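Colleague: Chains as they are written, first to last, in my numbering: chain A, 1 to 458; chain B, 1 to 458.
In short, the hints are calculated from the structure, not lab data.
Please note that a few of the clues may not be correct.
One copy or two, either will do: identical chains are not told apart, so a pair holds if it fits within one copy or between any two.
[To be verified] With a cut-off of at most 30 Å between alpha-carbon atoms, the simulated DSSO-like pairs for lysine-lysine come out as follows:
id, residue 1, residue 2
1, LYS76, LYS5
2, LYS435, LYS375
3, LYS76, LYS31
4, LYS93, LYS56
Here the structure is a predicted model, which is why all the values come from computation and not from measurement.
Protein chains: 2
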Amino acid sequence: MSTTKPSLPKGTRDFGPIQMVKRNFILSTIKETFQKYGFQPLETPSMENLSVLMGKYGDEGDQLLFKILNSGDFLKNVDKETIDIGSKGILSKISEKGLRYDLTVPFARYVAMNHHELNFPFKRYQIQPVWRADRPQKGRYREFFQCDADVVGTDSLICETEIILMISEILDHLKISGYTIRINHRKILSALASVCGGEGLENDFCIAIDKLQKIGKEKVLDELKTKGFSASKLDSIFPILESNEGIPAILEKIEEVIAISEPGMEGLADLSKILDILNKYDSKFSNLVIDPSLARGLSYYTGTIFEVTLDDGSMGSLSGGGRYDDLTGVFGVPGIPGTGFSLGVDRIYDVMEARDLFPEKTSETSQVLFSFFDKESQDYCLPILSKLRKAGINAEIYPDLNKIKKQLAYADRKNIPFVIIVGDDEIKSGEVTIKNMISGEQERCTIREIVSKLKIPS
Amino acid sequence: MSTTKPSLPKGTRDFGPIQMVKRNFILSTIKETFQKYGFQPLETPSMENLSVLMGKYGDEGDQLLFKILNSGDFLKNVDKETIDIGSKGILSKISEKGLRYDLTVPFARYVAMNHHELNFPFKRYQIQPVWRADRPQKGRYREFFQCDADVVGTDSLICETEIILMISEILDHLKISGYTIRINHRKILSALASVCGGEGLENDFCIAIDKLQKIGKEKVLDELKTKGFSASKLDSIFPILESNEGIPAILEKIEEVIAISEPGMEGLADLSKILDILNKYDSKFSNLVIDPSLARGLSYYTGTIFEVTLDDGSMGSLSGGGRYDDLTGVFGVPGIPGTGFSLGVDRIYDVMEARDLFPEKTSETSQVLFSFFDKESQDYCLPILSKLRKAGINAEIYPDLNKIKKQLAYADRKNIPFVIIVGDDEIKSGEVTIKNMISGEQERCTIREIVSKLKIPS
Numbered sequence: 001m002s003t004t005k006p007s008l009p010k011g012t013r014d015f016g017p018i019q020m021v022k023r024n025f026i027l028s029t030i031k032e033t034f035q036k037y038g039f040q041p042l043e044t045p046s047m048e049n050l051s052v053l054m055g056k057y058g059d060e061g062d063q064l065l066f067k068i069l070n071s072g073d074f075l076k077n078v079d080k081e082t083i084d085i086g087s088k089g090i091l092s093k094i095s096e097k098g099l100r101y102d103l104t105v106p107f108a109r110y111v112a113m114n115h116h117e118l119n120f121p122f123k124r125y126q127i128q129p130v131w132r133a134d135r136p137q138k139g140r141y142r143e144f145f146q147c148d149a150d151v152v153g154t155d156s157l158i159c160e161t162e163i164i165l166m167i168s169e170i171l172d173h174l175k176i177s178g179y180t181i182r183i184n185h186r187k188i189l190s191a192l193a194s195v196c197g198g199e200g201l202e203n204d205f206c207i208a209i210d211k212l213q214k215i216g217k218e219k220v221l222d223e224l225k226t227k228g229f230s231a232s233k234l235d236s237i238f239p240i241l242e243s244n245e246g247i248p249a250i251l252e253k254i255e256e257v258i259a260i261s262e263p264g265m266e267g268l269a270d271l272s273k274i275l276d277i278l279n280k281y282d283s284k285f286s287n288l289v290i291d292p293s294l295a296r297g298l299s300y301y302t303g304t305i306f307e308v309t310l311d312d313g314s315m316g317s318l319s320g321g322g323r324y325d326d327l328t329g330v331f332g333v334p335g336i337p338g339t340g341f342s343l344g345v346d347r348i349y350d351v352m353e354a355r356d357l358f359p360e361k362t363s364e365t366s367q368v369l370f371s372f373f374d375k376e377s378q379d380y381c382l383p384i385l386s387k388l389r390k391a392g393i394n395a396e397i398y399p400d401l402n403k404i405k406k407q408l409a410y411a412d413r414k415n416i417p418f419v420i421i422v423g424d425d426e427i428k429s430g431e432v433t434i435k436n437m438i439s440g441e442q443e444r445c446t447i448r449e450i451v452s453k454l455k456i457p458s
Numbered sequence: 001m002s003t004t005k006p007s008l009p010k011g012t013r014d015f016g017p018i019q020m021v022k023r024n025f026i027l028s029t030i031k032e033t034f035q036k037y038g039f040q041p042l043e044t045p046s047m048e049n050l051s052v053l054m055g056k057y058g059d060e061g062d063q064l065l066f067k068i069l070n071s072g073d074f075l076k077n078v079d080k081e082t083i084d085i086g087s088k089g090i091l092s093k094i095s096e097k098g099l100r101y102d103l104t105v106p107f108a109r110y111v112a113m114n115h116h117e118l119n120f121p122f123k124r125y126q127i128q129p130v131w132r133a134d135r136p137q138k139g140r141y142r143e144f145f146q147c148d149a150d151v152v153g154t155d156s157l158i159c160e161t162e163i164i165l166m167i168s169e170i171l172d173h174l175k176i177s178g179y180t181i182r183i184n185h186r187k188i189l190s191a192l193a194s195v196c197g198g199e200g201l202e203n204d205f206c207i208a209i210d211k212l213q214k215i216g217k218e219k220v221l222d223e224l225k226t227k228g229f230s231a232s233k234l235d236s237i238f239p240i241l242e243s244n245e246g247i248p249a250i251l252e253k254i255e256e257v258i259a260i261s262e263p264g265m266e267g268l269a270d271l272s273k274i275l276d277i278l279n280k281y282d283s284k285f286s287n288l289v290i291d292p293s294l295a296r297g298l299s300y301y302t303g304t305i306f307e308v309t310l311d312d313g314s315m316g317s318l319s320g321g322g323r324y325d326d327l328t329g330v331f332g333v334p335g336i337p338g339t340g341f342s343l344g345v346d347r348i349y350d351v352m353e354a355r356d357l358f359p360e361k362t363s364e365t366s367q368v369l370f371s372f373f374d375k376e377s378q379d380y381c382l383p384i385l386s387k388l389r390k391a392g393i394n395a396e397i398y399p400d401l402n403k404i405k406k407q408l409a410y411a412d413r414k415n416i417p418f419v420i421i422v423g424d425d426e427i428k429s430g431e432v433t434i435k436n437m438i439s440g441e442q443e444r445c446t447i448r449e450i451v452s453k454l455k456i457p458s
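Just chain A, with the same shape it has in the complex:
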């Protein structure tokens, strides 16, 4: 057989053992928190019909979908003339399926297909890869994980409150400090747009405001003026958008400006109620702010919106989400509202790596390696190894007859904290020598002593 040069498609990654153990530490923290709040897991197939995916992410999204060639003779519906209609025209003849682009559309598709059987309010979480044919660059991959949780079938603001609680519980558990949870409300943004003479232009308002951090006040103002917003009214609301004031003060200022808008005041009331419910949970939040400039790109949000940013500005948002009033209308099932949020697992990984927050020991690595001088001492190890595993200790034996030095190097590279060494002396005394790989200390132990030494208290 001829040989192939091994290669990886651009924009994709292998996750070796070191990365996997770290990533699993993050994911298991997230899953445990979701479960503590009554969310249940869901997984949907990697491929969806293009009819389900296309048209849901705008023209650019349609371009970025990975499409799968029909199997078998995919050219059977294509003739020479068809080729004239170009890539776009021929696509529907040779491809029916695509890889999922996010977790929201597949979730909506699932809810629409199963709404008669689901137990509403339905609380699901979903952690799966998604694919985008974007140009790969640092920190941007063509395959990456999304991690979403949503409650659908209820308008209760308890859902928004519990999202705030979950975000802070997850980040605190991961020991990520110095973050701010920003909240705002779409109805407040709409009211602000109206106040500035942009009735019905909420989307343009949100798109512009969303760029405030990135392109600065002047350019945002220019963009809004071009769209027809009133320059003087914009000047009057900008101090609010840029305010760093505490919660009671900012709420008052927003009210002053939008008091004339009934929907705007509803949005404000929602935020007040969320703060009120948070207090009832008996939770103190010093890192929650109301940020009227928070817009979130997605136009399908209709209520409260969230975003979590690091105070040191070292990267984009770690989490974001919001309330929407119609998850499944596009699939012919109207009237299912919900609230959801998403955690940026890759970014959380990067922060934890930069701040050295991953724990040294995890249940995913071996606690001990058995090493030995010869065949006889290797045999002597086997029943002891078996005993440790029965006691719930992750343990392994070096499989080959190699120099002790090589066996120790193996343990060291695999971050195994203890090595048991067995030779003639140990066999004679019925004991073993145990070496602490971090301190370098060695001691003789009976087998019973090792079990209690190595057992991690659960």
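With chain A fixed as given, assemble chain B onto it according to the hints.
Modeller: Chain B only, in chain A's frame:
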């Protein structure tokens, strides 16, 4: 926006909460066992370059690969004339990537790309979906999970032995009884083929023998005779292939027949050593048999091979694997031998479902639902809910103001074992009522009492 009929691609499945919780029970048992034996997780991308995938699974496999259309203008290298060359010829111009077909080729690609950095012997496990454009039918999907563990970079028979230990530990932990672990050795099969006049025809021999259960002795004999095997010699070895004898007897019988073959005797010695090592682990195996008719289809195995079947014959193998002497040669990195096995997660799921083996309670469902009569009693619940979660109890509150009956129905459908009910009486007494959803019993408790009642001992 026009509406789309929601649909799922043929051969794919959603995994809703009930299936996910069951599947996770299986997967976490498997992962914990792998980790107990020193295996570490690896994940590779869903898409691989077609140059890596093509030619590794035979012509049929190439057909069954899902191919991904190049992004952007995928027709840019195609002209009208090209279309004459048909699906096969045009493929390389419009597609460079495909979805992974199994976990072995991506693992080999990973080892070949990283062999300078890996810590050998390298023990990895990998649990990920694979895709095959097969005709969907009952129990056969186009997207399904594979679950593999391999040790590469060592010839030690300790690896084979530990695979047997892991298989039995996993199945025992899942409470699957009535299974048999069959082992055989490729060198024994080669020797048997030679003995029957089929020198160099081991592959034909294995392919025919593999069908013994399915098509019966007569047809297998016919097939082998057509290939040129000696009828009389075949008659002399068939009693061994069909024997149900215990280990010492079958070993003796095999030896009688293949004693003239040096490699055959090496294979036999390997099996004896594995049995010997198993004894040293102090493990009793009543369900291990040596089955000289076990062939396993894959031609890349070169040593011991395994298969696990249910004694009631209710389905195909639950697990299989073996030793190979060259994982990465095809990628230009020769000399890396290994042993691996694979667990059939879908089949294990089906057996457990049929035998009702899934546990009722898992850490993935809420332990308690808070229900209430009105807004005031809902508010009263919030700090108690917060306290339970802080004590590590999975708990949720019904978010809407609805009839108690509806709230209880929600808990019932979600299999939540306890419901806390709060109304005016409870608020006055500072207690709560707790209802056991299985027995129907209700009692009044203080908040401290609930915590100890609901806490699952870890």
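Colleague: Compare the structure with each hint and give your call.
Modeller: Hint check results:
1. LYS76 - LYS5: The answer is between: 26 Å across copies meets 30 Å, while 33 Å in one copy does not.
2. LYS435 - LYS375: This pair counts as within: shortest intra-copy Cα distance 20 Å, inter-copy 61 Å.
3. LYS76 - LYS31: Answer is neither; intra-copy 46 Å and inter-copy 45 Å both fail.
4. LYS93 - LYS56: Result: close both inside a copy and across copies, 20 Å intra and 29 Å inter.
Hint 3 alone, counting from the list given before, is not met by this structure.
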